[in-house]
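Trainee: Below are the chains, spelled out letter by letter.
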Amino acid sequence: MKIHEYQAKEIFSRYKIPVTNEVVCYTVAEAVDAAEKLGLPVVIKAQVLAGGRGKAGGVKLARTKEDVPELAGKILGMDIKGYTVEKVLVAQGVKFSSEYYVGLTIDRNSKSVIFMASSEGGVEIEEVAKDNPDAIHKFVIDPDLGLTPFLARKIAFALFTDFNLVKQGADLFQKLYRIFMDTDSSLVEINPLVITEDGKLLALDGKMNFDDNALFRQSAIEALNEPTEDELKELDAQEKGLTYIRLDGSIGCMVNGAGLAMATLDLIKYYGGEPANFLDIGGSSNPQKVIDAMNLILSDKNVKVVMINIFGGITRCDDVARGLVIALEKIKVEVPIVVRLSGTNSKEGLEILKQANLPIVETMSQAAQKAIELCNQN
Amino acid sequence: MSILVNQNTKLLVQGITGRDGSFHAGKMKAYGTNVVAGVSPGKGGSAVDGIPVFNTVEEAVKATGANTTIIFVPAHLAADAILEASEAGIELVIAISEGVPTLDMVKVMPYLTKKGTKLIGPNCPGLISPGEALVGILPGNIFLKGNVGLMSRSGTLTYEMVYQLTSNGIGQSTCVGIGGDPVAGLYYLELLQMFQDDPSTEAIVLIGEIGGDAEERAAQFIQDHVTKPVVAFIAGQSAPPGKRMGHAGAIISSGSGTAEEKIKAFERVGVKVAKIPSEIPELIKQVLK
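Keeping their order, the protein sequence lines are chains X and U.
All residue numbers for the first sequence refer to my numbering, where the first residue is 1 and numbers rise by one.
All residue numbers for the second sequence refer to my numbering, where the first residue is 1001 and numbers rise by one.
No lab work stands behind these hints, which were simulated from the structure alone.
One or more of the hints may lead you astray.
[Claimed, not checked] To be clear about the criterion: a stretch of chain X counts as covered by chain U if any three or more of its residues have a C-beta under 8 Å from a C-beta of chain U, and this derived list gives those stretches:
no.	segment
1	179-189
2	211-221
[To be verified] Cβ pair distances, simulated, as ranges:
no.	chain 1	residue 1	chain 2	residue 2	range
3	X	Thr64	U	His1076	37 to 43 Å
4	X	Gln288	U	Lys1114	44 to 50 Å
5	X	Gln288	U	Glu1279	23 to 29 Å
6	X	Lys269	U	Lys1062	22 to 28 Å
7	U	Val1269	X	Thr243	30 to 36 Å
8	U	Leu1288	X	Val335	39 to 45 Å
[Said to hold, decoys possible] The list that follows gives simulated cross-link-like pairs (lysine to any residue, SDA-like), each with its CA atoms no further than 25 Å apart:
no.	chain 1	residue 1	chain 2	residue 2
9	U	Lys1264	X	Glu126
10	U	Lys1264	U	Lys1275
11	X	Lys347	U	Ser1167
12	X	Lys347	U	Ala1030
13	U	Lys1272	X	Glu126
14	X	Lys130	U	Asp1198
Every value quoted in this text rests on a predicted model; they were computed, and no experiment measured them.
Glycine is no exception: its CB is placed at the ideal position from the N, C-alpha and C atoms.
Model the full assembly from the supplied sequences, consistent with the hints where possible.
Mentor: Listed below in structure tokens is the structure:
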């Protein structure tokens, strides 16, 4: 789960990490009021849950009184990577010298929380990682010890020479680590962290992502969730025990297991087709799940054929076959269907499908090829 | 021979009175696994499918000599169940539970290292040494005893691969589902070493997925330490960017994580990569010639 910059900075503030004076605004009038209160210049920043806001024109500096309504008006309603900007952050303009990057995340290799710090702040950190990976310092944090004062100082010494900044930095980094642990984050970033004219560290931007598996114990964080329309559809599917991601093609897919579902999409592409979705129906074989899955696939009007690929392990093929027969009685399916069933109880499953006159193929390669052929005929 | 589980496995089932725990305890027993005990706090003294149930792991180990455990408890209790098993001296822990908070696993890891406990999972289907022991939720009937070792981040894709191997008469020494969580136990490197050292394994199949850099590291390890032939498959070649690949993972591994890069990394060290799953048996036949 992701949250907006202003929400991340509210959390930073609660832990006494200095952030810019700022106001969230939903209208141009609010932005004008905010600028008056904060004093010019102000920076107007689109609040959307996507990266690359600056490049998309969603972050602008307003120097004059006239700039504010003009720029706020431009940014509000703007589309950034499929997200409509519904609110902007109006932040006091700050004079600063240097820009740094600091962030915390989970490192799969050391199986620990890792602190990342770089003097090349203010640009996209993925770019730095690609072009100049040595510019990012990485520090593994022992979960039993936490971010100790000496390690926090070591990180700060990697960025600053002035000891006053080292002290401020070490203190700020420990706070950032506490935030990460307290909120079950998967990512916490300040980019850029700047030095103001009076020699103080200040978080100019903030970013936080959270571990979805831990939301059950983070109700305050969960309350900040703003799912998009596509995400709502995905969430709805999740509640029904399905994992659904919409894609652009016309071959609808129903598969059990994420790995097999990915491999199925790969196979369709390999033979020259375009999948309409990723859909993992998971482990159980409740007929209702098959019905829900079918409805979900068919809600996409681009779908010209449905390919079902089930490998029965825990899922029993005869249960899926029964579910499919019931589903087809309940919903009118106007597109052709290709079914491939293997594994546990596949003989029984195939017999049920045969009696219901459903087209069956033996391997997933054949299923993909057949689906593409039917798709091209329609 | 095989790796990790065999005829000497004495299995404990944590969460044996739950729906999944009781179902799979029965399945594993029916396969021939030596299931010696179950644990369910408050239900000690009862039995499931003839398997005695204890209140604590310590009691179960004392009474039965269990050396391996499989965990089916709900996700928010999983980290504690892993610690309890480790503290009681269990050597190998298989955590099936799905949805365990990442920081719970981060906090558990140092203790396991200290105690020398091996962990597989969480969020994994378990493992099987065909004909010897099944410790997991894998469908035992599709496996065939043989000399190919297999490791995978995915469940049903593993079954698909095994099915193709078995229907081509190619048997397996041990198949391990390592799970797809960001912080997990034994991974490619440890398992590659175990298969390399196992006399009954003659070839290795590695099934990877997009995201992270574990496959790239495996490729490097194969070049440095593995003399047995390895065949690979990477799922997610057509996956849309950003959907499953984490921002953080991308930073740490300096922008790697795509299927293309992983395939390149394997091919660079002489590992044959199947373009589609059905190529795997053919590639294995080639390398075993």
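Trainee: Determine for every hint whether it applies to the structure shown.
Mentor: Results for each hint:
Beta-carbon proximity to chain U at under 8 Å applies to 4 residues in the segment 179-189 of chain X; the threshold of 3 is reached and the given coverage holds. For the segment 211-221 of chain X, the assignment as covered by chain U holds, since 5 residues bring a beta-carbon within under 8 Å of that chain's beta-carbons and 3 suffice. A hinted range of 37 to 43 Å is violated for the C-beta pair X:Thr64 and U:His1076, which are about 54 Å apart. A hinted range of 44 to 50 Å for the beta carbons of X:Gln288 and U:Lys1114 is consistent with their spacing of about 47 Å.
With their beta carbons about 36 Å apart, X:Gln288 and U:Glu1279 fall outside the hinted range of 23 to 29 Å. Restraint check, X:Lys269 to U:Lys1062: a C-beta distance of roughly 55 Å breaks the suggested window 22 to 28 Å. For the pair U:Val1269 and X:Thr243, the supplied restraint of 30 to 36 Å holds, since their beta-carbon distance comes to about 33 Å. Range check, U:Leu1288 to X:Val335: about 43 Å between beta-carbon atoms, so the 39 to 45 Å window is met.
About 21 Å separates the Cα atoms of U:Lys1264 and X:Glu126, which keeps this hinted pair within 25 Å; it holds. Pair hint U:Lys1264 plus U:Lys1275 holds up; C-alpha atoms about 12 Å apart against a cutoff of 25 Å. Restraint check: the Cα-Cα separation between X:Lys347 and U:Ser1167 comes to about 15 Å, which is no more than 25 Å; the hinted pair holds. Of the supplied pair hints, the one linking X:Lys347 and U:Ala1030 holds, its CA atoms being roughly 21 Å apart against a limit of 25 Å.
A distance of roughly 30 Å separates the Cα atoms of U:Lys1272 and X:Glu126; the hinted pair therefore is violated under the 25 Å criterion. Restraint check for X:Lys130 and U:Asp1198: the C-alpha separation of about 39 Å exceeds 25 Å, so the hint is violated.
Against the hints set out earlier in the document, violations occur for numbers 3, 5, 6, 13, 14.
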